[in-house]
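There are 2 protein chains.
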Amino acid sequence: MEEILREFKRFIKKKGLKYTQEREEILKEILSIKDHFDVEELYFRFKEKNSKISKASIYRTLSLLVEGGYIQEVYRQDGHSHYEVTLHKTPHLHFICIHCREVQEITDERLNGLIKEYEEEREYKLLTYHLEIFGLCKACRRLKL
Amino acid sequence: MEEILREFKRFIKKKGLKYTQEREEILKEILSIKDHFDVEELYFRFKEKNSKISKASIYRTLSLLVEGGYIQEVYRQDGHSHYEVTLHKTPHLHFICIHCREVQEITDERLNGLIKEYEEEREYKLLTYHLEIFGLCKACRRLKL
DNA sequence: ATTAAAATTGAAAATCAATTTCAATTAGAG
DNA sequence: CTCTAATTGAAATTGATTTTCAATTTTAAT
Ligand SMILES: [Mn+2]
Ligand SMILES: [Mn+2]
Ligand SMILES: [Zn+2]
Ligand SMILES: [Zn+2]
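Chains as they are written, first to last, in the working numbering: chain A, 114 to 258; chain B, 114 to 258.
The reader is advised that the hints may include incorrect statements.
Chain copies aren't distinguished; within one or between two, either way the pair holds.
[What the hints assert, rightly or not] Calculated lysine to any residue pairs in the SDA-like style (CA-CA distance at most 20 Å, straight line):
no., residue 1, residue 2
1, Lys127, Asp148
2, Lys141, Leu130
3, Lys202, Leu239
4, Lys229, His207
5, Lys238, His207
Simulated from the structure, these hints should not be mistaken for laboratory data.
Kindly generate the complete structure, drawing on both the sequences and the hints.
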């Protein structure tokens, strides 16, 4: 945690930006979230603790955090983006149930291997990937939906 | 083409909806597009041929076509959705260059195999998947960006 | 072919996530 | 501490998508 904040300060400074309380507060809050999150969720958490962080700052900081690789936009649901902390986390895919909207994570090294292979074959410089599988989860499937 | 239209009519009827000129016209136009497309592109094509199809109808028909499996939303760029015809097309992934925004398709049966495997393991009912890889294409990479 | 009910349409308004504007505030170099 | 440029929150704006609604069209039943 402390180390991540220090790293983030370095990242911000290197870009010639200012390391503000708001930016640190937002990153701290995000690091405390275990699940996926969206802007509303974050904003709600700040309101709860009487922090007056604005949505504008949340959006602005989220962009920086994505750019720095601290978080990733992982999927879109209900017309808006959902994020997750990606530090120390293996890339993984998301299975999204279109009925109950549950999101399950699946990590598979073979998939990462395939993607690395495409990268080399085509001489890409890979930054990130998103794999979303849509369908019905085991439970919803049983409801014969 | 004729067969697809007939099939679409059956689909529409089965849902208790009406097979309108607009719905047929939209599907016909989409079937004539080889690339990925978005709502603007479609709307522009109709304006060009003096067809007065509205955006509202385009959006409404696109939903039906996705539901019927005729097209898929394949990626999002510049804040809006991009689609492609998926009939008779193997699922495939998209490599998106974040610099020149070029989109390349990669089809790999091994990937489809992996996904089928997850489906069976977890007892999902798979409907569709989206795999997007973000990075720099060969050309943009050379510019040392 | 007529008729009538229900679905669909286009245009305009509404919604809503995300971005931008701008005056007031803050970070941080000197 | 002082000064300047960057940042902030609030409000306005943008832009994609959805909704509303009166007029039109489809289609099943006469
Ligand atoms: Mn995840
Ligand atoms: Mn494609
Ligand atoms: Zn489910
Ligand atoms: Zn490129």
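Check the structure against each numbered hint from earlier and tell me which ones fail, lowest number first. 1
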